[in-house]
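Undergrad: Chain by chain, the residues:
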Amino acid sequence: MEHQRCYIYEPPETEERAPKRQRTGKFNPQAQLSERLQTYRDIWAQQEERIQDTLEGADSATQDKIVNFISASASSSGETQFAIPTALIVAGPSIASHGPFFERLGRSITDDTNSVYVVLTSGECPNLKTLLKNLIKKVTSRVEDEDEDDVDRPSVSSRYGPKLLNYDLGHVQEWQKKTCAASIVVALQDSEAFDLGLLVDMVDLFHSWLDRLPFVLLFGIATSAESFEERLAGNSLRYLEGEKFDVTQSDEIIEKLFTATVANTDARLRIGPNLCHRMLDRQKDHVQNTQDFCDGLKYAYMSHFYASVPSVFLKDGIAFEDLAADAFEAVRNLPSFRRWVEEKLEDGQAQDVRQLLDSNESLFDQITQHIKSGQQALSNLSHSTHVLAGIREALRMSPSVRLSSIWTRAASGELNGSPLVRETMLSIKKIPSDKLVQLLAAMNELESDYFSIDLVSSQQRLDSLLKDTDAPLRTQHDVRNDSLRTTVVAQKVLLSKHKAALSEQDKAYSDLVTRFHDELDAYFTSSLIDPRTLFLSEILMYDLKSPHTEVFQPKPRFAVERALASPHDYLGCDCCTGVDGNPAALSATQPATAIVYQMYLESGTLINVSDLWSAFNAIAGDGVEENEPKTMALFQRALAELKYLGLVKPSRKKPDHISKIMWKGL
Amino acid sequence: MMPDEIIAQLNAEFQCREQQVHHLAALYTTHFPSPLSLNIHGLTATGKSSILRSYFHLSRLPHTIINVRECITARHLLERIVAASLDALDDFNDEKIDRRPYARTENLSALCVNMGKLLDGREKFILVLDAVDKLREGAGTLIAALGRLGEMIPTLSLILTTTLPLTPSTLHCASTSFLHFPSYTRADLLTILSASPPKIFTATPSLELFPDYTPDLAAEEDAWLWGRFLQAVYDSLSKHTGRDLLSLRNCAMRLWRPFVEPVVSGQFGTRDFSRLIVNRRHLFQLEESVLDRIINSTTSDAALTTGVLATPKPSKTTPHNLPYYTTYILLAAYLASYNPSRTDVTYFMKHTDKRKNKRRAPSAASFSVTGKRTGTKHRKISRHLLTPSPFTLDRLLAIFRALLDGTVPQVADLYTQIATLTSMRLLVRAGGAGSNDALERGGRWRVNFGWEYARALGRSVNLEVGEYLVGGVD
Numbered sequence: 009m010e011h012q013r014c015y016i017y018e019p020p021e022t023e024e025r026a027p028k029r030q031r032t033g034k035f036n037p038q039a040q041l042s043e044r045l046q047t048y049r050d051i052w053a054q055q056e057e058r059i060q061d062t063l064e065g066a067d068s069a070t071q072d073k074i075v076n077f078i079s080a081s082a083s084s085s086g087e088t089q090f091a092i093p094t095a096l097i098v099a100g101p102s103i104a105s106h107g108p109f110f111e112r113l114g115r116s117i118t119d120d121t122n123s124v125y126v127v128l129t130s131g132e133c134p135n136l137k138t139l140l141k142n143l144i145k146k147v148t149s150r151v152e153d154e155d156e157d158d159v160d161r162p163s164v165s166s167r168y169g170p171k172l173l174n175y176d177l178g179h180v181q182e183w184q185k186k187t188c189a190a191s192i193v194v195a196l197q198d199s200e201a202f203d204l205g206l207l208v209d210m211v212d213l214f215h216s217w218l219d220r221l222p223f224v225l226l227f228g229i230a231t232s233a234e235s236f237e238e239r240l241a242g243n244s245l246r247y248l249e250g251e252k253f254d255v256t257q258s259d260e261i262i263e264k265l266f267t268a269t270v271a272n273t274d275a276r277l278r279i280g281p282n283l284c285h286r287m288l289d290r291q292k293d294h295v296q297n298t299q300d301f302c303d304g305l306k307y308a309y310m311s312h313f314y315a316s317v318p319s320v321f322l323k324d325g326i327a328f329e330d331l332a333a334d335a336f337e338a339v340r341n342l343p344s345f346r347r348w349v350e351e352k353l354e355d356g357q358a359q360d361v362r363q364l365l366d367s368n369e370s371l372f373d374q375i376t377q378h379i380k381s382g383q384q385a386l387s388n389l390s391h392s393t394h395v396l397a398g399i400r401e402a403l404r405m406s407p408s409v410r411l412s413s414i415w416t417r418a419a420s421g422e423l424n425g426s427p428l429v430r431e432t433m434l435s436i437k438k439i440p441s442d443k444l445v446q447l448l449a450a451m452n453e454l455e456s457d458y459f460s461i462d463l464v465s466s467q468q469r470l471d472s473l474l475k476d477t478d479a480p481l482r483t484q485h486d487v488r489n490d491s492l493r494t495t496v497v498a499q500k501v502l503l504s505k506h507k508a509a510l511s512e513q514d515k516a517y518s519d520l521v522t523r524f525h526d527e528l529d530a531y532f533t534s535s536l537i538d539p540r541t542l543f544l545s546e547i548l549m550y551d552l553k554s555p556h557t558e559v560f561q562p563k564p565r566f567a568v569e570r571a572l573a574s575p576h577d578y579l580g581c582d583c584c585t586g587v588d589g590n591p592a593a594l595s596a597t598q599p600a601t602a603i604v605y606q607m608y609l610e611s612g613t614l615i616n617v618s619d620l621w622s623a624f625n626a627i628a629g630d631g632v633e634e635n636e637p638k639t640m641a642l643f644q645r646a647l648a649e650l651k652y653l654g655l656v657k658p659s660r661k662k663p664d665h666i667s668k669i670m671w672k673g674l
Numbered sequence: 037m038m039p040d041e042i043i044a045q046l047n048a049e050f051q052c053r054e055q056q057v058h059h060l061a062a063l064y065t066t067h068f069p070s071p072l073s074l075n076i077h078g079l080t081a082t083g084k085s086s087i088l089r090s091y092f093h094l095s096r097l098p099h100t101i102i103n104v105r106e107c108i109t110a111r112h113l114l115e116r117i118v119a120a121s122l123d124a125l126d127d128f129n130d131e132k133i134d135r136r137p138y139a140r141t142e143n144l145s146a147l148c149v150n151m152g153k154l155l156d157g158r159e160k161f162i163l164v165l166d167a168v169d170k171l172r173e174g175a176g177t178l179i180a181a182l183g184r185l186g187e188m189i190p191t192l193s194l195i196l197t198t199t200l201p202l203t204p205s206t207l208h209c210a211s212t213s214f215l216h217f218p219s220y221t222r223a224d225l226l227t228i229l230s231a232s233p234p235k236i237f238t239a240t241p242s243l244e245l246f247p248d249y250t251p252d253l254a255a256e257e258d259a260w261l262w263g264r265f266l267q268a269v270y271d272s273l274s275k276h277t278g279r280d281l282l283s284l285r286n287c288a289m290r291l292w293r294p295f296v297e298p299v300v301s302g303q304f305g306t307r308d309f310s311r312l313i314v315n316r317r318h319l320f321q322l323e324e325s326v327l328d329r330i331i332n333s334t335t336s337d338a339a340l341t342t343g344v345l346a347t348p349k350p351s352k353t354t355p356h357n358l359p360y361y362t363t364y365i366l367l368a369a370y371l372a373s374y375n376p377s378r379t380d381v382t383y384f385m386k387h388t389d390k391r392k393n394k395r396r397a398p399s400a401a402s403f404s405v406t407g408k409r410t411g412t413k414h415r416k417i418s419r420h421l422l423t424p425s426p427f428t429l430d431r432l433l434a435i436f437r438a439l440l441d442g443t444v445p446q447v448a449d450l451y452t453q454i455a456t457l458t459s460m461r462l463l464v465r466a467g468g469a470g471s472n473d474a475l476e477r478g479g480r481w482r483v484n485f486g487w488e489y490a491r492a493l494g495r496s497v498n499l500e501v502g503e504y505l506v507g508g509v510d
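Going down the list, the protein sequences come from chains D and Y. Its first residue numbered 9, the first sequence is counted upward by one per residue in my numbering. Its first residue numbered 37, the second sequence is counted upward by one per residue in my numbering.
These aren't lab readings, by the way, just hints derived from the structure by calculation. Please read these numbers as outputs of a predicted model, since none were measured by experiment. Beta carbons are placed, not taken as given, at the ideal position from N, Cα and C, and that holds for glycine. Mixed in with the good hints, there may be bad ones.
Said to hold, decoys possible - Below are the SDA-like pairs computed for lysine to any residue, each with C-alpha atoms no more than 25 angstroms apart in a straight line:
#, chain 1, residue 1, chain 2, residue 2
1, D, K292, D, E558
2, D, K553, Y, A146
3, Y, K170, D, E237
4, D, K661, Y, P376
5, D, K672, Y, L440
6, D, K672, Y, P376
7, D, K292, Y, A120
8, Y, K132, Y, K170
9, Y, K170, D, G242
10, D, K137, Y, A146
11, D, K672, Y, R437
12, D, K553, Y, G442
13, D, K186, Y, W260
14, D, K264, D, K137
Said to hold, decoys possible - Some chain D residues close to chain Y (C-beta under 8 angstroms, calculated; not the full set):
#, residue
15, P101
16, L136
17, G169
18, E200
19, R246
20, L248
21, E251
22, Q257
23, D293
24, H294
Taking the hints into account, I'd like the entire structure generated from these sequences.
TA: Okay, here's the thing in structure tokens:
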């Protein structure tokens with residue numbers, strides 16, 4: 009062994025079958041993948057369009073203000089300026105949405121004003137020189153024809169005399185002479201992350217060029233304009249002058265996005281309540297990021313169409329001939345199909361059931377019918393949540409519940425008969441006429457195919473009632489029409505309620521409100537169904553949390569800690585399950601690193617390596633003197649792995665000790 | 037133009053600088069030799085650059101002025117010197133110099149050669165390096181070398197302007213001449229600024245209604261009131277905050293509109309200065325007008341005009357709506373920075389009674405500045421006024437979990453949030469070497485915000501941070 013430098017490894021040849029074999033059956037798990045993906049693309053394209061519209065609409069007001077500010081500062085550039093026009097854009101703490109925001113802003117600035125727009129991020133500007141290089145490159149759209157700092161200038165220059173260095177703003181001046189741009193807008197997307205000295209230098213430099221180059225600075229700020237001002241020195245502040253602009257808060261944008269995508273009445277595929285809850289909670293608790301929300305939505309759509317064969321039925325105008333038998337088999341295995349069939353059997357329609365099980369054609373007819381009706385039902389549900397939210401908003405009821413939470417509750421089937429709806433209906437019962445006018449006006453906007461109440465006739469009757477009264481009319485349920493009467497009979501106090509006598513008009517008004525209330529109540533009861541009871545709800549609604557959580561909220565530290573602390577969870581072998589049924593006990597068969605890690609968990613901040621070794625040897629070693637070097641090698645490798653993972657580091661406090669720097673469960 | 041005419045014109049343009057203009061005129065003329073190098077020094081806004089520019093422009097001497105502020109590196113400066121000199125010579129002599137030999141000026145020796153070649157056989161050329169002390173790099177021997185450039189090229193004379201006089205040790209040479217531009221005195225400032233009074237009435241009163249108020253009279257009234265007003269501003273505010281021309285002018289311009297507002301509205305006449313100043317005295321008591329702000333906030337303007345002295349300032353640190361857990365991470369970071377780690381057991385161990393580990397209300401004894409035992413003064417600085425101390429990531433996470441009631445899953449989102457906070461500079465990596473490496477073992481962090489912000493953050497999630505903080509706060 010000692011003289012041999014290399015070995016030829018020959019794997020032992022066995023006659024047995026390989027432990028891992030490929031499935032050779034005909035079953036194709038990716039049946040009709042291309043159709044499904046096509047459907048996904050169609051549906052997602054619609055959603056994406058809605059998302060883009062919403063995002064552009066959301067901050068258009070702020071963008072217009074900023075554009076106005078820039079054009080105003082450009083028009084005033086005739087007289088000498090003492091300070092650089094500066095816009096502090098408070099874009100909120102959702103850093104990831106700053107990029108798209110500044111991109112959209114740039115588009116509208118270049119469209120609406122005669123100025124050039126440059127975005128700089130802290131990553132590409134570590135120092136003033138690089139910042140200027142980037143700036144010049146972006147302003148003049150010049151292609152850099154050489155690599156980096158080697159000469160800092162093109163080699164041809166010697167023929168023509170001195171040339172500007174590539175970080176000289178003279179380039180921009182030349183360019184400015186040619187193009188005559190009204191202003192050069194420099195946006196610092198993440199101004200907090202810039203080095204402070206760099207910002208000060210930059211402001212100083214831009215200010216000294218201000219008489220030749222019309223700079224406008226935009227600072228993207230995540231925290232607050234005040235703290236940004238506090239960071240800058242007075243000298244730089246003197247060179248800046250401008251305004252503050254607030255960007256729409258990200259939770260409002262999320263709400264709008266939710267309304268436009270998930271709660272939209274035209275959506276063909278919906279996201280289920282659990283997933284919605286998860287996505288919204290994550291936005292509230294962890295990240296505020298519109299991009300992340302859209303990604304989550306997209307991922308949900310993708311996983312639905314990629315993983316589930318029956319989703320092919322969502323394709324528009326699908327014909328029976330396009331479908332393989334697998335798809336029908338898959339539908340027959342859906343839980344909602346079973347439920348539906350059982351219901352049919354209870355109704356005694358055994359013949360129909362037999363046909364559904366045997367004949368693909370009849371199943372196809374049923375499926376197309378039910379998909380249509382199911383989508384109709386879901387759209388009704390969505391619209392009723394819009395109506396409910398609209399009513400609560402019009403009546404200014406507190407607490408104000410967001411549409412997203414109403415929708416989530418409706419989709420999980422909790423809303424029908426819930427306190428929220430009851431409370432709303434009660435307040436409609438008691439509504440005085442002046443508020444009813446507002447309510448009807450607000451509900452006019454919500455009128456659509458999914459909303460069947462005859463608002464017009466109510467409106468007309470109300471108008472005719474209100475024609476000859478000044479004071480608002482009240483219904484019979486209004487508390488102001490009640491009076492309490494106390495009578496003492498045999499030393500007992502009796503409280504009795506009495507209705508005040510209603511006037512003719514009030515009576516007529518009460519009738520009107522009662523009818524309106526009843527209609528609305530019927531509407532809510534009919535449309536607020538539990539969508540999970542629908543046949544084919546699995547196709548119409550995606551509500552699986554499993555791939556979504558793993559993709560968007562992975563647990564890296566937990567996974568590493570779990571693998572080390574209880575390796576049998578991952579190895580799944582018999583030998584590591586523990587001693588005497590105690591899974592936590594250490595055994596020699598576990599990986600060495602796992603053993604050392606578990607001993608590490610039990611120790612304090614400073615660990616004596618010698619003690620650790622003897623403990624390890626007691627468990628992993630077999631007590632034979634000759635084998636000790638092998639055990640030692642295992643131990644050392646385990647320790648090195650822990651160090652590599654960043655769990656321990658050598659300590660300077662005591663010799664032969666290592667210090668523990670990570671604790672489990674944090 | 038004759039020297040006397042130049043002097044007269046400059047004196048008219050720049051008041052109170054007669055002596056300096058005379059010096060310049062004596063030193064730099066067409067026929068007499070000029071000093072090889074001159075250091076002009078003076079504080080900001082004393083007219084150094086403007087007078088130099090005007091003087092050389094009028095005197096028609098071949099010269100070039102380079103603003104060193106605009107030069108990023110030393111090489112940039114050298115290239116600029118050569119390029120600007122070429123441009124200036126082209127301009128003055130109306131010729132076209134062949135530029136090919138001057139393509140590169142990498143270092144000082146190249147500069148010497150190029151300038152020597154350029155100025156060989158020409159008459160006097162003046163090179164002005166404005167604000168040479170603002171050079172961003174290469175300050176060590178560069179200035180000394182530049183200062184002695186004239187020794188090698190006899191026709192070149194150099195002017196260096198600085199804020200403070202260059203010391204002989206910087207120049208490596210004792211023979212440099214100096215010209216001091218002293219700061220303006222009170223009288224100077226008032227003379228200069230009263231030369232251009234702003235208008236009292238933005239829209240001139242119509243001549244039909246007030247036939248007496250002619251434009252001449254208006255100008256007179258403006259000048260009278262402005263002069264009085266300037267004195268008041270200088271004595272009350274600028275004397276203590278900023279005595280230079282720019283600060284005084286900024287401050288006066290900011291206060292002028294609110295000051296004359298009663299006059300515009302017709303409450304007082306234009307000559308009622310004493311009544312006006314009593315009425316508007318709050319303007320001279322607030323500090324708003326002397327602070328430099330980017331946003332000229334409307335609230336402070338409103339406070340200035342309405343005259344409400346004790347307007348509650350809009351709370352300076354309005355925390356943004358951070359996500360729920362992010363807020364807690366920040367709070368935990370603040371506590372980790374300002375609590376010594378040995379007290380963590382007292383404050384954050386899970387007891388059955390949560391109230392027990394919170395701080396009791398600070399007793400009167402803890403406020404006493406002097407120690408009880410020793411007679412000597414034992415000053416103790418409150419912890420939250422000190423710089424935050426660094427902490428490890430695990431300590432932050434441990435405190436984070438102790439602050440929260442329920443459990444939080446160990447999701448990667450927590451780390452994303454820490455990264456986000458770092459790029460917002462609310463958390464910063466502490467320590468010198470390896471602090472840029474995110475994967476460094478046992479990296480240490482610090483918070484980058486103050487107590488006010490932390491308290492406001494805590495209140496937004498119903499957590500009183502002071503209860504967990506070691507040592508008394510407020």
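Undergrad: Compare the structure with each hint and give your call.
TA: Each hint tested on the structure:
1. D:K292 x D:E558: holds, 19 angstroms
2. D:K553 x Y:A146: violated, 70 angstroms
3. Y:K170 x D:E237: holds, 23 angstroms
4. D:K661 x Y:P376: Holds. K661 (chain D) to P376 (chain Y) sits at ~19 angstroms (cutoff 25 angstroms).
5. D:K672 x Y:L440: Cα-Cα ~17 angstroms, so holds.
6. D:K672 x Y:P376: Given pair K672 (chain D), P376 (chain Y) holds - Cα atoms ~22 angstroms apart, limit 25 angstroms.
7. D:K292 x Y:A120: violated, 59 angstroms
8. Y:K132 x Y:K170: Cα-Cα ~33 angstroms, so violated.
9. Y:K170 x D:G242: Measuring from Cα to Cα gives roughly 17 angstroms; hence the hint holds.
10. D:K137 x Y:A146: holds, 22 angstroms
11. D:K672 x Y:R437: Measuring from Cα to Cα gives roughly 12 angstroms; hence the hint holds.
12. D:K553 x Y:G442: This hinted pair holds, its Cα atoms lying about 22 angstroms apart.
13. D:K186 x Y:W260: The given pair, whose Cα atoms are some 48 angstroms apart, is violated under the 25 angstroms limit.
14. D:K264 x D:K137: violated, 42 angstroms
15. P101: holds, 5 angstroms
16. L136: holds, 6 angstroms
17. G169: Result: holds, 3 angstroms to nearest chain Y Cβ.
18. E200: Where the cut-off is 8 angstroms and the nearest Cβ of chain Y is about 5 angstroms from E200 (chain D), the hint holds.
19. R246: holds, 5 angstroms
20. L248: holds, 5 angstroms
21. E251: Given a least distance of 6 angstroms, the restraint on E251 (chain D) holds.
22. Q257: holds, 6 angstroms
23. D293: Holds - the Cβ of D293 (chain D) comes within 8 angstroms of chain Y, reaching about 5 angstroms at its closest.
24. H294: holds, 4 angstroms
Consistency note: the structure conflicts with the earlier hints numbered 2, 7, 8, 13, 14.
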